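Chains as they are written, first to last, in our numbering: chain X, 91 to 596; chain C, 2 to 358; chain W, 114 to 456.
FYI, nobody ran anything at the bench for these hints, they're computed from the structure.
As the structure is a prediction and not an experimental result, all values here were calculated from the model.
A couple of the hints might just be wrong.
The calculated lysine-lysine pairs, modelled on DSS-like cross-linking and capped at a C-alpha distance of 25 Å, are [to be verified]:
(1) W:K186 with W:K227
(2) C:K323 with W:K227
(3) W:K429 with W:K397
(4) W:K296 with W:K242
(5) C:K323 with W:K223
(6) W:K186 with C:K323
(7) W:K161 with C:K323
(8) C:K44 with W:K430
(9) W:K223 with C:K171
(10) W:K242 with W:K430
(11) W:K227 with C:K190
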Amino acid sequence: MSALEFRGVSKRFGSFFANRELSFRVEPGTIHGLIGENGAGKSTAMKALFGIHSIEEGTILIRGKPVRIKNPIQAMKLGIGMVHQHFMLAGPETVLDNIILGREPGFFGINREKALAELENISETYGLQFGKWLSPVDELSVGEQQRVEILKLLYQRSEILILDEPTAVLTPQEVSDLFQNLKRLKDEGKTIILISHKLKEVLAHTDAVTVLRRGECVGTRATSETTEDELAQMMVGRPVSFTYEGERKVFAKAEDARAVLRLDRLSISDAQEPLHKVALELRPAEILGIAGVQGNGQTTLLRFLSNPSRFRSADGEYRFAGANRMGSNPLALRRAGMALVPEDRLAEGLLLHQDLMENYLLGQHVDPRFVSRGMIDRSKVRPRVEAAIRDFDIRPPFVNIWASRLSGGNQQKLVIARALDSNPSVLLIAHPTRGVDVGAIERIHEAIMKERNSGKSILLFSSELDELIDLSDRMLVFFNGSVAAEFQRREFDPWAIGRVMGGGEK
Amino acid sequence: MKKENKPTGYASFRSFLRAVAGATLGLSAGLLICRLVGESPIKVLQVLYQSSFGSGYDFGMTLFYTAPLILTGLAVAIPLKGGLFNIGAEGQLTVGALAAAWAGVLGAGISSPALAVLFATFFAFLAGGLWGLLPGFLKARQGSHEVITTIMLNFIAAGVTAYFTLYTIKDPVSAQAETISIPETFHLKPFAVFNGAPMGWLIFFLILLAVGIHYVLWRSSWGYSLKALGESEVAAETYGISRGSSWMSSMFLAGGVAGLVGLVEVLGNSHRFKIGFSADYGFVGIAVALVARGNILGVLPSAFLFGILQKGSASLDLETDKITRDLSYLIQGLIILGVSAEGLWGWLWKLVRRKNA
Amino acid sequence: MDMEYSSCWRFGVARVVLILSGMFSVLGCGAVQASEIRVGLVLERSGKDDKSFNASAYQGLKRAEKELGLTTKTVEAPDNSAYETLQRAFAEKKFDLIIAVGFHQLEAVKNNAKRFPDQKFLLIDEDAKAPNVRSVMFEEHEGSYLVGALAALHSKSGKVGFIGGMDVPLIRRFEMGFEAGAKKINPKASVTANYLGVTGDAWNNPPKAKELALDQYNRGIEVIFVAAGNSGLGVFDAAAERSKLAIGVDSNQDWIKPGYILTSMMKRVDEAVFDSIRMFKEGKFETGLVRYGVKSKGVDYSLDEHNAKLVSESDKKQLEELRSQIIGGKIKVPDYYLVQKKK
């Protein structure tokens with residue numbers, strides 16, 4: 091008997107099928123990968139399972155019994171638990187309180203001792219060592235927070251655990267810890283569904299994989315009988331390559347060239363992630379990768395570089411395009427030839443309830459190419475947007491749909507196309523492929539390399555070490571708000587870089 | 002996929018239809034209540050129709066109520082584009098109206114009516130604008146929440162204008178709390194066809210003003226910045242849109258527009274500033290903007306609807322035995338609910354679709 | 114065929130028009146007997162439940178309805194721009210007498226009096242100066258003078274207080290008369306005056322009025338005259354709390370806190386309304402300005418079972434003496450309106 095089965099499940103939004111006649115089975119006591127590009131219907135399917143969406147057709151069976159799941163509480167009662175991509179933890183509260191929230195023992199008041207005993211028992215059973223029950227969640231690392239989420243599901247006696255892109259925020263070491271833990275859970279009989287777009291991961295750690303494409307189920311494979319290429323082809327519908335193998339033009343003396351952007355002794359104390367005496371130089375025709383575990387100052391660095399006016403406490407030197415840029419605002423930097431692909435595409439990069447043209451104007455709304463006497467001439471913008479849609483294959487290819495209607499990858503393509511529109515000399519690019527479908531990753535990487543090969547300077551921030559290794563000419567690793575080490579391309583080695591990311595020596 | 006190809010114009014038209022449907026639903030609920038208290042809904046509709054279109058005078062009075070609501074509706078809708086909730090239109094219009102009256106006192110020597118009106122318009126706009134700028138400035142500088150500051154400034158405006166009315170430019174002959182009346186040159190002439198209702202060319206000016214503001218907000222970089230800011234503060238800041246200047250400028254414009262209520266009341270109607278002249282225009286303006294769903298042009302029909310209801314509330318009291326002022330306010334409230342109950346609409350929509358499916 | 118069709122269509126249209134016009138003509142009708150007098154009353158925004166001015170006018174109308182047998186309709190204005198519309202609607206419906214209450218309606222009455230020269234109006238609290246309007250004004254300063262005198266009689270220290278609602282000339286008129294009356298009895302009397310504010314809220318803020326009253330009592334003031342609409346309730350509370358005395362206003366408010374309200378300076382709007390309607394019925398309706406002063410008892414101090422123990426026979430005697438002196442012209446009570454105009 092399967093732990094979980096989807097039988098002809100369909101979910102429509104208007105005339106659009108988010109899921110169309112999905113059918114697959116998940117065997118008990120296995121790790122089951124669910125892969126697909128963004129918008130392929132993975133989250134819709136899991137939300138249906140978790141009772142967030144109601145389904146129109148088909149049946150979901152849990153342990154062989156058809157069920158109708160109307161809300162998450164019902165899902166929990168059926169033993170289904172989910173770790174969302176964004177953790178659902180209350181920051182200032184303790185780990186213990188976060189875990190028992192919603193299932194507090196004791197009718198009058200909360201019996202914390204009882205809960206604690208139960209938790210110790212659980213962590214022993216599943217080999218999830220954890221000692222910080224009474225620390226505020228805020229003080230934990232991302233990996234620890236994830237472990238709290240998993241413990242919470244175990245505490246709720248979940249039998250089927252859904253993990254949505256669990257490795258997106260972890261260091262290589264933390265990733266390997268996570269999979270060890272998942273394996274123990276599996277051995278204790280739990281069923282785990284792993285939503286991911288990282289094929290290597292899926293291949294290494296699952297027992298079976300189901301591939302979705304455009305809301306439909308392409309097929310389920312036993313992991314041992316499939317290959318990366320086969321899965322990728324199933325996902326995208328055509329053969330794809332994963333590592334950037336395109337041309338890397340070699341420029342004479344690129345390393346000695348004059349820096350177009352230079353930071354010296356930059357310290358910022360009043361930011362959430364402070365910086366301490368950071369120095370860096372960005373030269374023409376290079377991609378400088380910025381690596382580091384999230385929270386070690388990269389965010390502050392990017393925000394400072396793109397908008398120094400926001401940091402009053404900044405101390406040090408920032409030169410760009412031949413001028414001092416301490417205290418400059420984004421529009422001034424833009425005029426001087428800088429363009430930005432921000433970290434958080436949804437919050438920082440897009441106006442979700444505006445159409446693509448309005449989004450294309452963001453940051454360009456004062457560009458003299460489009461604006462005269464304070465009035466924007468949208469008839470001049472439209473062909474640019476149409477060109478971007480064509481060049482980057484943005485789908486659906488319509489200028490006047492809301493940005494929220496695009497999938498993550500298409501949104502990112504729009505943000506990158508916009509950044510390139512003004513023909514900048516320096517590009518600050520953060521997480522270009524976060525949450526982006528495999529097909530689009532390829533195109534984005536190509537675009538970045540093309541800019542580099544045409545002599546542009548690119549500062550690339552990414553949490554995907556593979557991506558940085560593929561694209562960068564040099565790499566700076568951040569730890570605790572400072573540059574911990576610099577790697578030249580020939581020195582790139584994931585384990586060495588990972589060690590520095592975790593605070594070790596090069 | 003077909004659905005996603007619908008142009009933006011279609012979406013706003015659909016939103017308009019929804020608003021109309023919402024207003025109808027609210028009105029129907031109101032009529033149902035009238036029925037429950039024993040008044041024929043048909044009669045209520047007749048009274049409303051007669052009171053707003055029954056004669057030149059009635060129509061003129063309806064426009065007279067509509068005019069300030071256009072202005073206050075705009076005063077709420079403009080900052081709303083940038084994510085600010087302006088509760089202070091009442092204060093801004095009070096200050097603007099006093100300024101218009103004061104302009105009449107100061108400009109007694111002006112002989113050209115056009116110049117006089119322009120002079121008063123400038124004063125009213127500037128005074129209201131500064132009154133609006135203040136919370137915009139506090140928000141930009143100190144992060145003070147605009148809802149709190151605009152509410153407080155409503156009280157302060159009432160106090161300040163009352164002071165000037167009673168002690169500085171008080172009409173010494175009158176026993177009422179009102180200023181000296183403004184000279185004839187400042188008067189806006191009503192249309193004769195309105196048969197005594199104090200409304201003339203001004204209404205066309207106000208419609209033009211709304212259209213103009215709509216155009217500027219849609220076409221200009223400034224309007225774009227404001228819209229982007231209202232949509233996502235973080236995105237706007239990331240791309241170099243200054244929150245402070247957008248907030249301050251939009252609040253200045255909003256306050257100035259609210260201040261132009263002074264033209265309607267002082268230049269057009271009572272020819273002087275009277276304490277408490279406003280029929281809560283500033284607050285009804287919030288409802289006007291809500292029903293218009295923040296759309297600048299939508300403010301025009303929305304203000305007209307509220308004008309009809311305001312005019313009608315007195316007529317309902319007069320023409321029926323059971324319906325009092327309060328009941329007609331209830332109907333207004335139901336209409337606002339009908340239009341703004343987004344969730345309700347989603348639910349009804351689902352219900353209809355399920356039936357069709 | 115064509116003919117048939119078009120005539121059929123015309124018939125349809127005619128029917129629709131007929132039905133519609135029938136529907137809309139329901140409006141301005143209502144069976145009217147020629148003999149029956151119809152009186153329309155237009156109240157201020159505060160409406161017939163304001164426990165004071167408008168309520169008093171409404172009571173006068175209701176009494177007339179009962180005793181004189183007439184048809185009445187009362188409306189409350191939703192805003193200050195509606196007065197003209199409402200009066201006009203009454204006039205267009207050919208009501209025999211239209212009563213407009215409150216000085217806010219002055220402009221509206223003036224305009225409508227001109228527009229409907231044959232229509233009779235009664236305006237309370239302002240002078241419309243129109244040939245078809247009877248304007249009734251109350252000599253509030255005279256009544257205030259009497260209660261001022263009574264206040265001084267009940268204050269050993271000579272300290273009396275005044276709390277006004279909105280700081281407007283009308284209320285200043287109360288204050289000025291009150292002060293003169295107090296000083297007449299006790300030349301050393303001192304009057305402390307406070308106003309609740311300069312906005313409409315001043316009429317409806319009992320808590321603030323209470324604070325002001327407590328403060329005045331703390332400063333040794335023994336009697337407070339309050340002319341502040343609804344806010345007066347706060348002053349009565351304070352008086353009861355401190356076992357001091359207060360004086361009410363407009364209608365007889367002695368019953369609100371018996372034993373602590375010395376008297377009320379009554380403005381008999383009900384009398385004025387009733388009298389005018391009676392005259393109208395008897396065909397003796399006189400237009401022009403009529404002043405209701407202490408002579409006609411249009412303004413008066415109240416005496417009833419609630420304050421009988423407070424006001425002694427000798428008090429009464431002194432007040433009646435003052436009243437006759439005012440009527441006889443021996444005493445000229447200062448009138449804020451006149452003082453203002455002279456300035």
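Here's how the hints hold up against the structure:
no., hint, result
1, W:K186 with W:K227, "23 Å, holds"
2, C:K323 with W:K227, "32 Å, violated"
3, W:K429 with W:K397, "34 Å, violated"
4, W:K296 with W:K242, "35 Å, violated"
5, C:K323 with W:K223, "30 Å, violated"
6, W:K186 with C:K323, "12 Å, holds"
7, W:K161 with C:K323, "15 Å, holds"
8, C:K44 with W:K430, "60 Å, violated"
9, W:K223 with C:K171, "21 Å, holds"
10, W:K242 with W:K430, "38 Å, violated"
11, W:K227 with C:K190, "18 Å, holds"
Checked against the numbered hints listed earlier, the structure breaks hints 2, 3, 4, 5, 8 and 10; every other hint is satisfied.
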